[in-house]
Amino acid sequence: MGGGHGGFQALKKNPNIDRYASMRDTVVGTFKFTPRTARNTFIILGLVPFGFLYIANKWDLAGKRKNDSLYKYPKTEEA
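Under the numbering used here, the first residue of the sequence shown is numbered 12, with each subsequent residue one higher.
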């Protein structure tokens with residue numbers, strides 16, 4: 012059913028895919044922290060989640076009605 016029986020290859024091997032798979036498997040041994048990778052790691056693991064947290068905490072959608080403000084702490088109008 013899966014092929015490869017009788018002494019033949021079921022699929023044609025693509026050397027580029029094999030090279031990519033080998034590179035991906037050995038990245039743990041060859042990865043080095045450089046200033047660029049450290050900056051990218053800080054941005055992805057630090058600034059992006061805190062940015063989402065800031066945006067999520069800016070608004071409060073629970074229990075709001077038609078003309079209510081969506082801000083968590085709305086500005087009050089003083090006459």
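No wet-lab data here; the hints were simulated from the structure.
Fair warning: there could be bad hints in the mix.
What the hints assert, rightly or not - Quick list of simulated restraints, FRET-style, between CB atoms:
1. Arg50 / Gly18: 51 to 61 Å
2. Ile66 / Lys23: 46 to 56 Å
3. Phe63 / Lys86: 15 to 25 Å
If you're wondering where the values come from, they're calculated on a predicted model, not measured in any experiment.
The beta-carbon is built from N, C-alpha and C at its ideal position, and this holds for glycine as well.
The hints, checked one at a time:
1. The given range of 51 to 61 Å is respected by Arg50 and Gly18, whose C-beta atoms sit roughly 53 Å from each other.
2. Separated by about 48 Å at the C-beta atoms, Ile66 and Lys23 satisfy the suggested range of 46 to 56 Å.
3. Distance hint for Phe63 and Lys86: a CB-CB separation of about 24 Å, consistent with the stated range 15 to 25 Å.
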